[in-house]
Amino acid sequence: MAEKQNWYLICYDIRDPKRWRKAYKLLKGYGESLQFSIFRCLLTQRNCEKLRWELEKILEPEDALLLVGLCERCRERLCGCNRPGAWIESSDAHQIF
Amino acid sequence: MLTQAPPIIPTIRVCALHALAYCPRLFYLEEVEELYTQDAAVFAGRRLHVELQKQEDEDWEELNLESETLGIRGRVDALRTRNGQVIPYEHKRGRCYRDQNKQPQAWASDELQILAYAYLIEEALNIPIQEGRIRYHADNVMVRVPLTTAGRQKVLTAIQQAQALRQSLQRPPVATNEKLCASCSLAPVCLPEEARLSQDPERATFRLFPRDDDREIIHVLTPGSKVGKSGEQIKINHRDQPEEKLPAQRVSQVVLHSFSQISTQALHFCVSRDIGVHFITGGGRYIGSFDPRQGSIQRRIRQYQALSDAQVCLHLAKLLVTCRGQSQRKFLMRGQRGKSDILTTVTPIIEQMQAVLKQIEQVNSLESLLGLEGNLAALYFSALPALLTERIPEELKFSGRNRRPPKDPFNALLSFGYALLLKDVMNGILTVGLEPALGFYHQPRSQAAPLALDLMEIFRVPLVDMVVVASINRNQWEISTDFECRGSQVWLSESGRRKLIDAYERRKQEKWKHPVTNYSLTYRRLLELEVRLLEKEWMGEPGLFAKLVVR
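Each protein sequence line maps, in turn, to chains A and B. Just so we're aligned, residue 184 is where the first sequence starts under my numbering, counting upward by one. Just so we're aligned, residue 270 is where the second sequence starts under my numbering, counting upward by one.
Calculated directly from the structure, the hints in this document are not laboratory data. Just so you know, these numbers come straight off a predicted model, no measurement behind them. It cannot be assumed that every hint is accurate.
Over the 12 Å line for every Cβ pair with chain A, so calculated as not near, a few chain B residues [said to hold, decoys possible]:
| no. | residue |
| --- | --- |
| 1 | Arg282 |
| 2 | Glu299 |
| 3 | Ala310 |
| 4 | Glu320 |
| 5 | Arg421 |
| 6 | Lys448 |
| 7 | Thr491 |
| 8 | His507 |
| 9 | Pro516 |
| 10 | Cys582 |
| 11 | Glu642 |
| 12 | Thr700 |
| 13 | Ala717 |
Not everything, but these chain B residues come out facing chain A in the computed CB check (under 8 Å) [said to hold, decoys possible]:
| no. | residue |
| --- | --- |
| 14 | Ile486 |
| 15 | Glu630 |
| 16 | Val632 |
Far from chain B by the CB rule (all over 12 Å, computed), these chain A residues [unchecked claim]:
| no. | residue |
| --- | --- |
| 17 | Leu210 |
| 18 | Lys240 |
| 19 | Glu259 |
| 20 | Cys262 |
All C-beta atoms, glycine included, are put in the ideal place defined by N, C-alpha and C.
Just chain B, with the same shape it has in the complex (with noise of 0.2 Å):
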């Protein structure tokens, strides 16, 4: 007869438990939903050990360490026959703790971590051991912690508060004491600012998150042109034309107009530089991403969960067409600024949308939140024409949306400008590593990613209505050889495609002050962050998501 194993628990990483006495969160997000990030002091903290390495030669011993009974696995850093006495050190690149004496001490978290690899040795080798020892490079301190019995009790509360916070779906509350934060390596992904902000919004916020990512984004127009990587270089060869190569850690983004090559090595590459790969068609029509599936499922069954909830769905939409039509009334306001002539034809129209804009309150079916941002965007794009200034050329006047495909040069521009703001759009939430197929708002189709067409909606007037409308108004097109027109079709052509790119992607790199978080950031920025205060709304930390609206 065969009887029931116990389920097999995995050990838990001694560093884990570090990271645990330093913040139950950090913990969370690193061991639970597979978060890691990388700051200055890891690298640094790195490199000591390499150099210590080459220091001690082969007096350096590195031990692999697991013990089941305990249920805890390690590396210890050096292990050394001090007086008969095997001793466990480990080297801490910062400063120790000192206490109201001044004298030295480990801190709460190292010593956690020494006493458990002590404890460990003990257990795997069955040797007794009576001491670890911290080493603190900064000050050049070594602080000894005896295994005591106390000691011992220490590592097995803390594995067994390991063990319950695994199996939990709650992640914990951020730190209170806010000095953590400072000096932690995953604010950038937990956000510490943000969910205060969020729990007391009169805070004054110091320093948020997504940094900036200063990094370049390279947009392939040449048809024929072959992207790979040479080293740690990305590669681009055109017909005829000299290679160019592009040192890997100063590209953020690939985006693959037409019918351009890239190598598998460049894909996988990309891949384990961060690099976002895009593709968008020679017409201007986002196809996709690369999407490599790093995103943790911790965020994805938390992302089904709400977004099954049909009340949570509607609440969110209704924020997002909010947002939208705000932005599209605050645009056209702007737009009549100083301009008497055009009064009577936009302020009635502005006065309409704020009457539809009061209904959405009120609606309780996503149908007719659709109806409303219909009668949102009609209105919209009949005022729009006003904002042109009389000189543009004929071609170029606008007289209502259309696209797929778009009829005319204005419309061109639109259709392209939103491939690019989808395709940035995506790269965030691939960044972020939510599931862009399920959205709140739009619903499944093919192509395009639901949850992507809800967070663009956001970023449309700011992002593409505004540089469209500012363009033209600056006489920057010229119908010949920008537009290709064919029969009732009209396209970008190359030349029109690179100006759009680059009014856009000047754009994004502008800087604008969020009206919620209270301090400025670049659209580039912004992008991400929506998507990771999106998430905040089903997190427990609601209230900051789709605020962004045009001044």
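Looking at chain A on its own, in the form it has when it is part of the complex (with noise of 0.2 Å):
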């Protein structure tokens, strides 16, 4: 039984160079960032609440955070209506260097 995991995207307009420095270190622990202020993220729902609390402690109310998670079947959309290689996923549970 392995834990749960989904694909999440998470997005995130932070109004302080500080708090973004923060997020953005904390975000790169987690996943690969896509575009400026556009992650996404593996996660088991542990990881996913862990996140969300490492989160809540560096965001202000005034910073904005969507987390979009996507289930089986949108992940399989996602790659089909999008060029090829934006979406790239590894099976593998070990790499080499």
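Combine the two chains into a complex, taking the hints into account.
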């Protein structure tokens, strides 16, 4: 039983450069940045909650944060209606450098 | 004259009382064995508190209180004054309990917690408290809990029970109410289902741990690479190549082959993020792992107690040798299926192995067990060449096990595979928090940890031998590029090591149905499960260890 994982798009507008850097650094630890202010992260429910908690400690009410959970079907469509290479996943559980 | 001061009993956290009311075993695991895990609900609860704090701003007051006389301490969520009365508030993310009339009530553990806070404030600040309030955010309900004499008594009883448990060496049994375990954050450590299974082998299990670790294992092979950290990322620098950065939450192990560098900052970071760090030489010998020694001492004490008993050691060693011998025998049987030409050579060996396996039951010393294991290994390796197809190059033929150094490519593959396996077994032992240096079968010697060598026996056939034989039969090896021959010594070259790491890691991802627990899991999970099942052998829930036999 693997913990269920889902892809999330995480988008933000952060009004203060200091907070922005903090949030950016944190999100780098969870996934990769696709475009400015847009990350994609493969998260378990636990990690998703953890990330939200850690983000909540950084953000202020004036900042905007949007988490978009993608179901399996969403992900397929995402690959289908984009340029090739816009969404690449590796299925290996290891990397050799 | 000096009088002896009474021993200072450390106070108990109020949230520990909450755990105690939920399940005594949970309290014991957290407070005595110091095992914490955090599931989604824990983080969601913390976020709720951050949000509440921001909403309330200056209005929010947190109080750290301690009372020596009561023997408890705690941090009160919020304290408000209503009509001249001081009232402690507790915020809960979930729903409240509904009684028969559908009236909102506090859950028993929450009730005890707020009562303890109220009583604590009364004692520490010396102000009368009449009630505490719990707010359940999921159904937006406020529950009032009056602080009565009966309530105070409840708190006192719980504190006594907590103190008694703290002194106890016995871990309380698994909760009888299975619903409690379903939403318990410590289930992956407590393993309630496995415990029930060991009491009742007929049981159908529905949820088992450890969970699959979906994070990546990073092997750094190129000599001269540097592993560092950058923010929340693991950074890998190669010579003449662009820097690679990986999100730390996606990494579970960093394996450094040959002389790659790792920065101290990265080591600290890996410890804080539960990332295992392992070292293997360029020649493919396992050196060791970075051991942050976070395993609680309780587990180790019990391991020392159990493994100081020669009878326990012998029993476990018998299980181990049987398990490995059966796997070897089954692998040979599998290899001879449909191949009439090798039947005459392999079948007698399989029968001899069966005869040796039968003798294990009667053995009464580790020495004679070692002898039997030697017989089994000799029989197995003598039959192994028959499993290789005819079409393979002459150099890859196998004619007996040799090592330190390996003298032919086949042995080089086995040796490097066993080094990778030893690394993973160590990772499991360190994750669970056992002492790798105290084993039950292998005797202590320099360099290799006996417990890791013991546990490794279970996995040698399925994770290494099968992988090596299959890859050779598939003609995946190039003698000239994948191996380096130096005189009589044979080593894997870098491309060879890459190939074997790849094959081995892929094998670990394969799923497999466990014969006893009867559910499918990857070998990767199985490595950790086996360590946990071993610990259960001396924790009073035996019978599940070393049942992994290839079919």
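key: Hints not upheld, ascending by number   = 3, 4, 7, 8, 9, 15, 16, 17 and 18
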